[in-house]
Structure formats: C-alpha cells, structure tokens
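The lines below spell out each chain.
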Amino acid sequence: MIRLVPRAEPSTAWTIATPILAVLLTMIAGGLMFAALGKDPFESIRTIFWDPLFHPQFAGYSRPQLLVKAGPLILIAIGLSLGFRAGVWNIGAEGQYIVGALAGAGTALALYPLEAWWIFPLAVLIGALGGWAWAMIPALLKTRFRTNEILVSLLLVYVAEALLASMSLGLMRNPEGGGFPGSRNLARWEPTANAELIGGTGMHWGVLTAFLAVIAAYVLLTRHIRGFHLRLAGQSPRAARFAGVEPNRLVIFCLGVSGALAGLAGIFEVTGPAGQISIDFNVGYGFTAIIVAFLGRLHPVGILLAGLLMALTYIGGELAQLMLGLPAAAIQAFQGMLLFFLLAVDVLTNYRLRLGAVA
Amino acid sequence: MHRRTLLAATAALALGTGWAAAQDDPVKVGFIYVGPVGDGGWTYEHDQARQAVEEHFGDAVETVYQESVPEGADAERAITQMALGGADLIFTTSFGFMDPTMNVAERFPDVKFEHATGYKTAENVSNYGARFYEGRAVIGHIAGKMTETNKIGYIASFPIPEVIRGINASYIAAKKANPDVEFSVVWAYTWIDPAKEADAAQALIEQGADVILQHTDSTAPLALAEQAGNVIGFGQASDMAEYKPSPRVSSIIDNWAPYYIDRVQAVMDGTWESQSVWHGIDEGMVEIGEMTDAIPEDVRAEAQDIADQIAAGEYHPFTGPINRQDGTPWLAEGEVADDETLLGMDFYVEGLTGEIPN
Amino acid sequence: MSGIDPILLLAALMVGSTPILLAAIGELVVEKSGVLNLGVEGMMITGAICGFAVAVETGSPTLGFLGAAAGGAALALLFGVLTQFLLSNQVATGLALTLFGLGLSALIGQAYIGVRPPPTPRVDLGPLTDLPVVGRVIFGHDFMVYVSLALVVAVWWILRRTRAGLILRAVGENHDAAHALGYRVVLVRLAAILFGGACAGLGGAYLSLIRVPQWTEGMTAGAGWIALAIVVFSGWRPFGVLVGAYLFGGVSVLQLNLQAAGVAVPVELLSMSPYLITILVLVVMSSRSRTALGAPASLGKAFHATT
Chain A
1 MIRLVPRAEP STAWTIATPI LAVLLTMIAG GLMFAALGKD PFESIRTIFW DPLFHPQFAG
61 YSRPQLLVKA GPLILIAIGL SLGFRAGVWN IGAEGQYIVG ALAGAGTALA LYPLEAWWIF
121 PLAVLIGALG GWAWAMIPAL LKTRFRTNEI LVSLLLVYVA EALLASMSLG LMRNPEGGGF
181 PGSRNLARWE PTANAELIGG TGMHWGVLTA FLAVIAAYVL LTRHIRGFHL RLAGQSPRAA
241 RFAGVEPNRL VIFCLGVSGA LAGLAGIFEV TGPAGQISID FNVGYGFTAI IVAFLGRLHP
301 VGILLAGLLM ALTYIGGELA QLMLGLPAAA IQAFQGMLLF FLLAVDVLTN YRLRLGAVA
Chain B
360 MHRRTLLAAT AALALGTGWA AAQDDPVKVG FIYVGPVGDG GWTYEHDQAR QAVEEHFGDA
420 VETVYQESVP EGADAERAIT QMALGGADLI FTTSFGFMDP TMNVAERFPD VKFEHATGYK
480 TAENVSNYGA RFYEGRAVIG HIAGKMTETN KIGYIASFPI PEVIRGINAS YIAAKKANPD
540 VEFSVVWAYT WIDPAKEADA AQALIEQGAD VILQHTDSTA PLALAEQAGN VIGFGQASDM
600 AEYKPSPRVS SIIDNWAPYY IDRVQAVMDG TWESQSVWHG IDEGMVEIGE MTDAIPEDVR
660 AEAQDIADQI AAGEYHPFTG PINRQDGTPW LAEGEVADDE TLLGMDFYVE GLTGEIPN
Chain C
718 MSGIDPILLL AALMVGSTPI LLAAIGELVV EKSGVLNLGV EGMMITGAIC GFAVAVETGS
778 PTLGFLGAAA GGAALALLFG VLTQFLLSNQ VATGLALTLF GLGLSALIGQ AYIGVRPPPT
838 PRVDLGPLTD LPVVGRVIFG HDFMVYVSLA LVVAVWWILR RTRAGLILRA VGENHDAAHA
898 LGYRVVLVRL AAILFGGACA GLGGAYLSLI RVPQWTEGMT AGAGWIALAI VVFSGWRPFG
958 VLVGAYLFGG VSVLQLNLQA AGVAVPVELL SMSPYLITIL VLVVMSSRSR TALGAPASLG
1018 KAFHATT
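Protein chains in written order, with this note's numbering: chain A, 1 to 359; chain B, 360 to 717; chain C, 718 to 1024.
In short, the hints are calculated from the structure, not lab data.
Idealized CB from N, CA, C, for every residue including glycine.
Hints are supplied without guarantee of correctness; some may be wrong.
[What the hints assert, rightly or not] Pairs of lysine to aspartate or glutamate, DMTMM-like flavour, derived with a Cα cap of 20 Å:
1) K510/B to D722/C
2) K479/B to E176/A
3) K504/B to E661/B
4) K39/A to E421/B
5) K510/B to E541/B
6) K534/B to E421/B
7) K534/B to E507/B
[As the list claims (entries may be wrong)] In silico negatives: residues of chain B with every beta carbon more than 10 Å from chain A:
8) H415
9) A419
10) A481
11) Q624
12) V636
13) D641
14) E646
15) A653
16) R659
17) Q663
18) E673
19) Y707
20) E709
Let's have the full structure, built from the sequences with the hints guiding it.
As structure tokens, then:
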C-alpha cells in the first residue's frame, strides 16, 4: 500500500516539477479523449499548447492575446488570494467586476462627448471604487450582522447581472444605436480608449496593473506586517487575535482589496478589449480567477503563471475548435482535466510517497 | 484609428498576401456562434444552415465554426483567428458580434463578413436579419382565433426592438382575429433557461392564459402547456416537432440555409457585394412550421392566406390605423410602417397593457 | 395581487424549488462532514444528461433517476479521490469539477438534442387530490417532490438521531479528534461526497426529465450555485435548507406571477428579488440569533492522518 508522509518543508524540486508532470499527464488523458472523439491526439495537443505560442500563421496574433486574456484573471485572482489566505471567502468577484465596469463606464458616458485626458483616469478610479463598494456590502453585513460572506457575495453576482442587463437596455444604451442594447463603444472614443501601450504586445493598462498587483502582493505578503497578519489569521484565528489582529478590519481590508481589483479589471476590460457595456459583458473571469488563485497556491508568482496557463488553454482551445473542429465541450472537459491533474500532483510537493503498510 | 489597429493591419496584410496566393482550394466559410450548437434553438438553426451549405456545395466549400463565443473581447479574437486561418467568408451570428465584426473587417479587407441582426455595414461587411414579425403575425392570428379564455401569455426575453416588434405584431394580428383578446407579457431576462421558462409558462397558465407565445428558445413552455392539457403553444426558432400535433400547433422556424448558400455562391462567383437585407417569409428565411390538425380547418386556411399575402407583398402586418400605447396615432389608415421605425421599435401599440422595462 | 391564487403558487413553488432542494440537501451532508464541494453545478448537469440518456434508452423514468444519481455520484467520486486521497484543494477542485461536468455533459448530450424523454407520471392519490387547498398543494405532484421532502426528513433524522449522523458531525467538526476516536475520517467523508453527488444528480435530472423535459447544453443555468448558497442560508440545518429552497423558489415563481398578473412593479427589480430577499432574510436571521449560524469547524480543511 502506498502512503503519504509529510515533508518538513515543501520540496523545491517538486514545486517546479509538478506542473510539468501535470501537463504531461493531461496530454495523455486528453489525447485519449480526443482520439475517442475521432481527432488526431497529437495534433490536438500541439494545437492547444504549442500553436498559440509558435504557429507561424497565428502566433503573431495570439501571443499578445494571452496577455489580454490573462490580465483580468491575474488581477482578480491576486485580490482574492489575500482574502483566501485570511479565510475571507469572496466568491462574488464576478459581480464586483461587473459593477466596477458599470460605475466607470457610466461616469465616462455621462461626460460624453467631452474631450479631456482625465476622463480615463477618472473612470478607472470610479471603476475601482465601484468594485470596492459592491464588495463592501458582504463586508459590512459580515462585520455588523455576521452574515456569511460566501452567500452574500455569490448572490450579489446575480443582482449585478440583472443590473448590467438593465443598464445595457436603459440608462447606458447608446442613443445612436437605433434602439439596440449596449452602450457607446468606449474603446473607440479617444478619451476612454484603453489601447495597447506598446503596439502588438497586447499590453494594455489592465495588464500592466495586473503585473503591478503581483509585485505589490508579493511585497505585502513577504515584507509587510499586514501580510503576516493575513497569513496568521488564516492559519490560526486565535493566535491572530492575540497578535492584535482585529478580525472585522481584516474582513473589510480583504473584501475591499479584492473588490477594488475586480472593479479595476472590469473597467479596463470595458474600455479596452470588450469596448462596451452589453448584456453579456461578463464572461466568468470572476469565477475562473478563483481557480487561478488556488492553482497559483495563493502565491503572487504562482498566480501569474497560473493565469498565463489558463489563458493558453483558452486560446489554444479556440484554435483547436477552429482548425480541428473539436467541440467547445471537449475543450471545457480538457480544461477540467488539466486542473484535476495540476491539483492532484501537488500532493508530491508536500508529501513523500512511501510503500508499505500504514504504521 | 488607433495605433493598435494600424499595426495589426500591417501584420495581417503581410500574412494575408502569402495566404491568398494559394487560392485554388475550396472556399472557406466560417461561422461564429453565440451559443452551443446543442442549444436546440438559435445557434442550432445556424449550424443546420452551415451543414446545408456543406451538403449543397460538397467539396467546393470547407466550413469551420466556433461555438459558445462570448460577445465582446473574445468574439473579436475568435473572428480574427478565423480570418487569419484563411476564411474567405465569415458569418457572425449574433447581434453582440457587431462591433467586433466591424473591427476585424477593417483589418482584413479581402475577407467578406456577414453579420446577423445588426445595422452596420462596410465595404466588406453585410448585415442580414429576418422579419420574424411576419411569422408572429401568422401565429398571432391562430392564437387569437383559438383562445377560449381570451388571454394569451407571452414569454419575452429582453426588452429589445426585435422582441417588442414580435409582441406588437402578434398582438395586432390576434386582436384583429378576436377583439376581446388580452396579452400578458412576462420578461424572463434570458434567451434560454429552461427552468425559468417553465416557471414563466406556469405563471401565465395559472393566470388563465390558454395560448402561450414565446420568444425564448427552449421547449419547456410547450411541456408545461401539455401538462396543463388545454393550452397550446408554438415552436420558436426550431420546429419543436416533438410536441406535435398539440400543444405545438405550428411554429416559426429560423431558416438561414437559403441565404447562406446564396452568399457562398456569390463569393465563388466573385459577385459578392456588401448589402443590408431583411428577409421574411417570401425569401424563406422565416418559415411557418406545419399547422397541425389541432387548428380548426378554417383558421388554418386563414393563417395560410395571411402568410401567402405577406409573402406576396400584398399585406404588411403593421398596416394602419395603429396607435401607440398612449393613444397617439402612429400609422394612419392604410399606412405601412417603415423599416427604420420597425428596426428600432421601442413602444407598445395601443391595447397592450403594462410597461416595457428599460 | 388579486389575480394570484396562493394555493396554485404554493404548489408551483414546490415543483420549481425541487431541483435546488435536492442538490442543497446533498451538499448539506457533504459540508456537515467537513468537505466543501463547489462542484454542485457540474454534478447537477451531469446528472441531468445521465438521467436523460438512461431514461430515453430504457424508456423508464425511474431507471433514469437512478442513472442520474449514479452519474452525479461518479463525478463526485472523482472529487472525493482528488480531495481525500490526494489532498487537493477543495475549492479549486470543486470549481474544476463544474467546468469538467459542463463539458462532459455536453459531449454525452450531443445525441439527445430534440429528443423527448418518457413521461414521469404524477403520483395518483385518487380523491385526495380533489381535497380543498391541501389537495393541490400536498397531493398530485410527481414522486420526486415527495422524494425530496423525504430526503430532508431522513437527513435530519440521521444527523440528529443516529450514530452514523453523530460520526458524520464529529468528522466535520474536528477530524483529528474523530480520527483519534478511531473513526475512518476519509471513508466517512467519501460516503458523504458520494451522497452529495447522487442528490445533485437527482436535482439535475428533475429538470431534464420532469420540469422541462428536454436536454439542452448548460440547462441547469446556475441552479447548482443557488444550492450552495441555500446551504449557507440554512445555517447547515436540514429544515433550514427546505425553508431556503422554498423561499428562493417561491420568490422566483412569485415574481413571474406578479409580471403575468400585470402588477406595476419594475421588472428589473422583480428579477433581482429572489437574490435580494434571500440576502435580506439571512441578514435578519443572523443578526437575531445569539449563537452564530456556524459552519462545521473543519469545513474545507484537508485531513491527513499523521499517525
């Protein structure tokens, strides 16, 4: 019988090796699935993992798109990871993302057609505030009435979606859009356009902010007393209280930061890649970011890599649909497999395998 | 134009020229779908038409598609990748793909684009839509004739012109057939959510409706109608033939195949030109599914007659006198609604109760 | 309001809430054992298609529901192996399970679009159905409505009154202590996880076989997430789950009825109302109760026997 023996310290070698092992295992299992669907397994795997980066025809376009796709995931996941470390469960980043976009875009649209450079920074600020405010609802309910933040933050996603539909159809609807839903295009209006900072790289303000958030989170967690408190609160709430950590302030800090970052992701997306407020503006970044946060083991650098890997499977999956005619469902199942393997082999980092009877 | 689009355009052109050289191959036709091909409704019908294109042209075409593409940033990437992949003609089959389609079209002047249900065009972008309101007038007539409670329930999706137009068209036709008829509209705020549609149908039936019209894509309302016993409904988007002969007594089918075949042919012949079309029963884009025996014979004949007259251009479902909901005149006696007002329709006609949410 | 018949409304909400109730009562047991499985949506949709496929192939709705339970449990087993033996993170594994389940169900479902499943008969209780008021509300539903109610009572009874329930709660509150007492923590949890998967599968199949009945990709449309919220709402108590599911389902049905009756309330507000009212009720409840409505103490924490 195989049993697990905990390591004193997580193994550095396995920390690096496990993701590679997981990807290899996914290739085998996924390849089998693709073969069962009647597709060439080698070609399928190559299309998903290799082509977005190196295909002569597509890579020039899809490489920058990796950043576009990974940016919001990383930004939101960084915020969530702080709370998850401290045991504060914000499941509703999707809602904070929507409200951030609505608040920021609403501000900008109210100023239309004013031409001023400060509209974009203002919209970004209001966007962050919008996400923050939406996250303050579960935070205040939690600190005042001990209402569970998982339920409140999750249900507020649906409220935000209803709000989004209502705004796209009513208040924020493009008056020149012939009665069709959706706002003016903010990416095509100079004062709000969140264009690429360096052409052809996919690097827009949102991606840059995501990278800055990674660095800031790293500094916070390793160099700052607040980061220490976060980790302490997650590991031992009692010890944290002795160390003078005020639980309510921690809840407000964690939900506030994650809400603001989700709001930022929203406003950068609506002024850039998405371009407009529409009924289906949100595409699930807020939920996928939860996976990214845990895949990255709640560590800023891990989250950065996990975000890029998720983005790769999205774009590679799209290429596989396009070139090989794989159904979108197969790609979804494949992504699920990849996550299973990544999570499963993680055990090797913290445990040794030992053969023999249970002691 | 942004620096981003300029740079991308040069890159695309560089790639495009190399690709266009090898142009002896079949015409490559791409489709961007908003839902899964298994939704049984909107996307399913577009994919049926894609398969019809393949069948019609055989080896002369190659089709590719991408399903469940979210509107917005992901759509722009999906369309771009399709263009980079050498597609000659790309159909983007949802309203929300309009701006992404326009953006990509700007960068790929040699690729032809067809955007469904929007209003923008360009040198290489056409838009096409279906006059579903024609079909709704036909089933509205059947509904008005067949209701015994004089209460017709309407499950609407989102308050957009397309849906409002459908409510108005069927109401006008129903009212004409039966002056006592009343409409009760429920907004589901979704295009397809079977459970919610079932709840909505049940609420309407409990309010006394014995005819259910729907602008959402699942068969759930028909299942509820069947359970209730004496309630009828109509297929939406697809025929929903599995509920024949009753409760599904007829249907409005989205039939994109004739148009798609026509446009692919145009690309092959080199005669493709940008256009903006709104096809109806006449062109076969809107199809009235079989009217079953559950409809009395005279009503069937009348409904068929309405459909024929619409197809022949002899009758328009929006012919005056029609007032707006608040009683102000909209169309004078004999006046016919212009397309622009219909396309942007954001008001109820007189007689409908309730308010359009906005 | 005049046009809404409260009796019909009550009967409708019982039917409308059943999928959420089934999934939530299963998840309650899982969480009581100290495991947080966020993959309810994935297990529900897998149950929806497995049940649909089995019912269509065999012509028996009953076998369909068994197949749905098996399908949901099979997906849950995957979660169980990953989280209990390989100690993977529960939150992430659960979310991955949802992603996987949505994909897998769509693949299986390709052959079942536009197909009608065999009808599930209503339980015929003869003259009972004709009784005033209670006849419509209590009798005359399909058998799964009664199964869901029976499950709530059974779970309550087992958790409160039986040794098995005691062990389950002990494992969920303090797995180290339970282990020290000689209970097989991992096996208890695995059993709970499988039960949760089976219940979620039943909830999904209720949609695809009775409520709707058809197969459409993604047809659960977020019901699994609502089930998760309902477990939290309940304060981890079986009858709380019943109240929560009926409250949420009731407001959902009521808002559609209000629209159908032509009541002049903004539709946007109505469509948000199920979520807002659920939050509001929970706030009132949690601010009033002296003792915190506590989650099981070991919820979401991995267990590894060190001795």
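Evaluation of the provided hints:
no.	hint	verdict
1	K510/B to D722/C	holds (17 Å)
2	K479/B to E176/A	holds (12 Å)
3	K504/B to E661/B	holds (10 Å)
4	K39/A to E421/B	holds (17 Å)
5	K510/B to E541/B	holds (5 Å)
6	K534/B to E421/B	violated (48 Å)
7	K534/B to E507/B	holds (14 Å)
8	H415	holds (19 Å)
9	A419	holds (18 Å)
10	A481	holds (14 Å)
11	Q624	holds (23 Å)
12	V636	holds (16 Å)
13	D641	holds (24 Å)
14	E646	holds (25 Å)
15	A653	holds (36 Å)
16	R659	holds (35 Å)
17	Q663	holds (32 Å)
18	E673	holds (28 Å)
19	Y707	holds (14 Å)
20	E709	holds (19 Å)
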